[in-house]
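Chemist: Residue strings, one per chain:
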Amino acid sequence: MFAYAIRRLLVAVPTLFVIITLAFFLMRLAPGGPFDSDRVLPPAIEKNIMAHYNLDLPLWQQYLKYLGGLVQGDFGPSFRVRDFSVAELIMSGFPASLQIGGTAILLAVMIGVSLGAFAALRQNSLTDYSVMGVAMVGIAVPNFVMAPLLTLVLGVYLSWLPVAGWGGGAFANKVLPIVALALPQIAYISRLTRGSMVEVLNANFVRTARAKGLREQLVVVRHALKGALLPVVSYLGPATAAVITGSVVIETIFDIPGIGRYFIQGALSRDYTLVMGVMIFYAVLIMVLNLVVDLLYAVLDPKVRYT
Amino acid sequence: MIHTTASADAMAGMEELEGRSLWQDARIRLFRNKAAVVSMVVLGIIAVMAVLAPYLSPHPYDEVYWERIQMGPDFENAHWFGTDGNGRDLFVRTLYGARVSLMVGILATTVSLIIGVTYGAVAGYVGGRVDNLMMRFVDVMYSLPFMFFVILLMVIFGRNIFLIFIALGAVEWLTMARIVRGQTLSVKRKEFIEAAHAGGVSSVKIIFRHIIPNVLGPVIVYMTLTIPQVILTESFISFLGLGVQEPLTSWGVLISEGARVMEQSPWMLMFPALFLAVTLFAFNFIGDGLRDALDPKDR
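If you're matching them up, the sequences are chains A and B in order. Okay, so the first sequence: first residue is 186 according to our numbering, each after it adds one. Okay, so the second sequence: first residue is 3 according to our numbering, each after it adds one.
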C-alpha cells in the first residue's frame with residue numbers, strides 16, 4: 186500500500202504541474218493588466234510597479250519565477266490586497282474554512298449514514314419514504330437557496346441565530362453556515378447508505394449472522410453497516426470537493442473570512458495571483474484528500490489490495 | 003444493462019401483446035410512474051412559459067418603472083411576482099431566467115453528450131492501450147477542481163454566456179464517457195458486432211451505427227440527470243456574480259438579488275428560488291423514472 190501511495194503522489198505531481206501551467210498562461214492571456222485603472226500613472230512609477238511584481242520580465246522568466254516560488258510555498262504578492270502575500274491571505278482564511286468545511290463533512294457522514302441506515306431497516310415504510318423525500322429536497326434545493334431561506338427563518342423571523350458574520354468564531358455564528366453546507370451532502374450520503382444497506386441486508390452473510398442467532402443490533406452494526414459503508418467512503422472524495430466548492434458560496438453569503446470569500450473577491454476584482462493561488466491550494470487539498478480516502482478504502486475493504 | 007433482453011417477468015405478463023419493443027415497453031413503464039409524469043407536465047409548462055414569456059406579460063423584461071420599485075405582487079399593474087430593486091417586472095424576469103437556465107442546461111448537456119459519447123465509445127471499442135490511456139486522462143481530469151477553472155475562465159475572458167455553455171459542457175462529459183465506455187465494452191462482444199465486422203463494415207461505422215444506438219438507454223438516463231446539474235452550476239456561477247450579465251438575467255442572478263433584500267421583500271427570493279427548485283426536482287424525478295423504466299433490474 187505504501188508503494189501505491191507513492192505512485193499516486195507521483196501521478197499527482199504532473200497533474201498539479203499541468204494545472205499550474207494552464208492557469209498561469211490563461212491568466213497572462215487575459216486582456217488588460219491587473220493595474221489598468223482610470224488614473225494614468227507616470228511612466229516611471231508604472232515601471233517600478235511592474236518591476237515590483239516581476240511583470241517587466243519575459244513571460245517564461247515570470248513563469249519560472251512563479252514555479253520557483255510555489256516550491257517554497259510562496260504564491261507571490263496579491264495584486265489587489267495591498268501589502269499582503271497570497272500565502273498570507275490563504276493562511277489567514279484557512280482556519281475559518283477548515284472549521285466550517287470539516288464540521289460539515291463530519292456532520293454529513295454521521296447524520297447521512299444514520300438516516301440512510303434507518304430508512305433501509307424500515308424499507309418501504311412511511312419512515313423510509315419521508316427520509317428519502319427529505320433527501321430529494323436536499324439534492325434539488327441548492328445550498329445558495331437553502332442558506333438564505335434558513336437565514337430568513339431562523340435568523341430573521343425567529344432571531345435564534347446571527348444572520349451573518351464570523352463573530353470571532355462564536356458557535357452561534359457557525360451553526361447556519363455548517364448546516365447549509367452539510368445539507369446537500371447529508372442528502373447524498375443518506376441515499377447512498379440506504380441503497381447499499383438494502384443490498385447488504387439481503388446478502389448471504391447477513392442471513393448467516395442472523396441464523397447464528399446474533400442479536401439484531403449486532404447484525405446491523407457489526408455486519409451490515411460495515412459493508413454498507415464502503416460506497417460512502419468512496420463518495421467522501423467527491424464530497425470533499427463538493428464541500429470545498431460549496432464553501433465558496435456559503436462563505437460569501439454568511440460573510441465568513443475564509444478562503445472561499447477571498448477567492449470570490451479575487452475573482453470579482455481580477456486579482457489574478459490570488460485566484461490562482463487559491464485554486465492551486467484547493468487542487469492540492471482535493472488531491473491529498475482523495476488519496477487519503479482511497480487508502481482508507483483499501484484498509485476497510487479486504488477485496489481491494491493495492492500493490 | 004438493458005440491451006436486448008427486457009426483464010423476464012415483464013415479458014411474461016405481455017404474451018398476448020406481441021411485438022412490443024424495449025422502447026415502447028419503457029415508455030409504458032415511464033408513464034405509469036406518477037412522479038415522472040407530473041414532473042414532465044410541470045417542466046412542459048415552465049418551458050412553454052419561458053418560450054412565450056414576451057406574450058404572457060404586458061411588461062418588457064428590461065423596462066424600468068421608477069414609480070414601482072421593489073414592490074410586492076401587484077395585480078392591478080400586472081406585476082404578478084412584484085418588481086425588483088430597479089423597478090422591473092419580476093414575473094417576466096423570472097421567465098427570462100428560465101429561458102437562460104433551460105438553454106444552458108440543454109446546450110451544455112448536448113456538448114457533454116457529444117464529447118462524452120464519442121470519447122467513451124472510441125475508448126471502449128478500441129480497447130487495450132488506447133483505452134487505458136484515454137481513461138487515465140479522464141481520471142486525471144476528474145481530480146481537477148473544475149468549478150474553479152470555470153470561474154477562472156469567467157474572470158479572464160469576461161462573462162460570456164457561450165463560454166458558460168462550452169465550459170460546463172467540457173466539464174460534464176467525464177462521467178458520460180465512463181458510462182458509455184463501460185456499456186461499449188459489454189456490447190462489443192455481442193454477435194451482431196461480430197457480424198458487422200465479418201461483413202466488412204468499418205470501425206467508425208460500427209461505432210456510430212451499431213455501438214452507440216445500443217448504449218443509448220443509460221446515456222439518456224444520465225443526460226436527464228446532467229441537465230439539472232448544469233442548470234445548478236450555471237445558477238451557482240451567476241449567483242456569485244460571475245455568470246449572465248445585466249440586463250439579461252438567470253435564476254442564479256435573481257436569487258442572489260433576492261437574497262440581498264429578503265428581509266424587506268421576501269418575494270424577490272421566493273419566486274426565482276421556487277422556479278429553480280421545481281425545475282431541478284422535475285428533472286431528478288424524470289431521471290429516476292427513466293432509470294426505472296429502462297432498467298427493470300434496478301427496481
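Possibly wrong hints are sitting among the right ones.
[Unchecked claim] Far from chain B, by Cβ distances over 10 Å, these chain A residues were calculated:
#1 Tyr-189
#2 Leu-195
#3 Pro-227
#4 His-237
#5 Gly-261
#6 Met-321
#7 Leu-334
#8 Gly-352
#9 Asn-358
#10 Val-360
#11 Val-406
#12 Met-461
[Claimed, not checked] To give an idea of the interface, some chain A residues facing chain B are shown, with a C-beta separation under 8 Å as derived from the structure:
#13 Val-326
#14 Thr-430
#15 Met-464
By construction, these hints were calculated from the structure, which means they are not laboratory data. Source: prediction; values computed, not measured. Heads up, the beta-carbon is just placed ideally off N, CA and C, and yes, glycines get one too.
Chemist: Any hints this thing doesn't respect? Which numbers, in order?
Modeler: 6, 7, 12
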